[in-house]
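Protein chains in written order, with the numbering used here: chain A, 36 to 369; chain B, 40 to 129; chain C, 442 to 725.
Source of the hints: derived by calculation from the structure; they are not laboratory data. Misleading hints may appear alongside valid ones.
[Claimed, not checked] Computed footprint of chain C on chain A, listed as stretches where at least three residues anywhere in the stretch have a Cβ under 8 Å from a Cβ of chain C:
hint, stretch
1, 56–64
2, 83–91
3, 96–106
4, 320–330
[As the list claims (entries may be wrong)] To give a feel for the contact side, a few chain C residues facing chain A, derived at Cβ under 8 Å:
hint, residue
5, M442
6, R456
7, I482
8, A654
9, E668
No experiment lies behind these values; they were computed from the predicted model shown. For glycine and all other residues, C-beta sits at the position ideal for the given N, C-alpha and C.
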Amino acid sequence: MSGVLLARTMRNPAQIATLDAAGWTALIGAARAEQMLGNLAHRLEGLAMPAAAARILADARASAGQGRIAALWEAEMARRALAPLGVPVVLLKGTAFVAAGLSAGAGRSIGDLDILVPHAVLDVVEHALLAAGWEWVKPDPYDDAYYRRWMHELPPLIHRSRDRMIDVHHTILPRTARPTPDAALLIADAMPLGNGLSVLSREDMLVHAAAHLFADGDLAGGLRNLWDIHCLLDEWDAPGFREHVSTRARHHGLGEAIARAMRLSDALYGAGAKLTAADRWFVRRVTGRDGWGVQRRKASEQAFYLRGHLLRMPPPMLARHLWTKWRKGYRPIG
Amino acid sequence: MPATRYRAAPAATLSIVSLDLMRAVYHRASGRTHLVSEPVPEILAALADEPLDEVALLDRLARDYAIEGDAAALGERLEELVATGLVEQL
Amino acid sequence: MNHVFAVRIGPVGFRVGSDWRAPIDTLADLYRDYPAPEDGIPDFSVRLFARRPWRRVLRPQVMIGGDYTIPDAAPLPLSLGLLAAEMGMNLQMALAQRRYLLLHASCIERDGRAILMTGESGAGKSTLAALMMARGWRLMGDEFALVEPETGLIYSFPRLVSLKNQSVGVVGEALRGARFGPWQRDTPKGDIRHLVPDGASIAAMAEPARAAAILFPAYGHAPDRREVAPGECFVRLTQASTNYVALGERGFDTLTRLVRDVPATAIDYPDAATACAMVEEFAA
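Please model the complete structure; the sequences and the hints are all you need to start from.
Right, here's the structure in full:
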């Protein structure tokens, strides 16, 4: 499976010396499918490789560099729109990694801008963004009511001239999820960047990455999330650091999630780890792509789709949610 | 309440190329290109060194670039420039 | 994937995988004189696949996938498999080409001078490029021209020329003995047939050329020509580029240099013969 090849190459770049043309093709295909081509390109920079591969990876680095500029600019425009409110604005995920200059940001593809603000100021934040050119993506009454009642973020907004989305979170998990993270503490302990924006504390950044991996949807993008986690752990590695992260995670109700995230990232990208049976299932799921970058482990995919939903909301709501989707003509693919 | 002041993106963050009557402006911080004509490059230059309010900006444009404009038109240009991010409202 | 074909078009390597043999056989035949991807490593992969297993045989429908896709791309019937493959390859270029500034333009070359022809769909840029090839010009591409940021040189992308409806007959008349792919009937753009570029154009496809003229042809008017100032040319070419924004400052530097260095002209033409004569005027 090419997902395994991708993980192995990220862990040990020197092994590219053993790749033939088919191996390179599978590696690049898997990296694209996982949206990790930029990460891979940074990891392999400077190593000897066939000219065709070197060009593809050089393009990927340039592309990621441009993506970084666009992501930081979105953050800056959000800062300008929200500055007059005087409320804390915390950058999350990829934008936070590049804004804070972390190794997890090197080559990372960044889509939407994710920010965290206190729940009490959601309304004023929403109005300030609407006044500054952001608009609702879909005016759909069901989805809108659903988001507002149950989700951990506002319905997504898109900027009308820049065509970029912003997700405004007030916590890091849906309200329906069993763990209820301490959102006030996330904001109180955030690290200022010096320009009016901040990023989560080291420990909370890891906790959020783990929460995102296991509780948010269907585990898609798992390889990249685990690479983020590996980079963050590596960046701040020090005696006692992992214990601090674990303690913090337990406070947020995410002790198990962070423990599993550490085991999986160590197993895939680090020095290895003792895996449970369930862990091995996760590994199979996140590495299950063929030589064309196509997800090949459908059975486990289905299981994780359900798992994602079960964590997100109590079962009666799942049925209601799916029914409303089906009525609107939605069918799961597969 | 003091008048709103405006600050332009530093000149070092812009690449400006003349194309006949227009100027193509590449803004490195945003990765975006803007096609502009007078008095926009002059406004950007005037606001690059120190933030100015509208009245001071009008004076500066008249003094340094011999551009005579009215406050309403200048206000519109500034609003557009703030929307692009080339100028920041302080 | 069960069936696989790999090819290099200009400087870009592709791999096409398919659940069915037919589209791959057609590609292998039409692209038989083209080289393989450099180092055997394609820049992009395209997949032609059945959404459900039984759709391979029962009213087979081709889904277009690949490294880069757009959501909700509608499937095509298997009889349009060649078109699906070509669309898939174009899509990879449009969404993900980052080495060259990509201009939606046809391009011809003679004596090292490349002429770019761009315009809205229906302006006849593919037909014009094919007809100029019949007059001894090298065909550099009918869909995309690649501008190298470091040098400003134009690189060739001579994929199969996609001709629509009456153009097929017009070009067939001018190019006796030319090879065509199977008719692709009843596509959203009408009936399409793919023309294989001539041997000289394929043989020279790795050689770049300096841009000598940018033309904006428009069909259906009395003959006329009008100079296009750099500012207007810049705006029109940013709109004709799929990756201008994604290239950032490299794209800006490349395009501003192109429009300042290369004269641009809008030409109106009433028919193909007039258009060819007008384009010839830019030969020297």
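Here is how each hint holds up against the structure:
no., hint, verdict
1, 56–64, "holds (count 6)"
2, 83–91, "holds (count 6)"
3, 96–106, "holds (count 5)"
4, 320–330, "holds (count 3)"
5, M442, "6 Å, holds"
6, R456, "7 Å, holds"
7, I482, "4 Å, holds"
8, A654, "29 Å, violated"
9, E668, "31 Å, violated"
Of the numbered hints given earlier, the model fails hints 8 and 9; all others are met.
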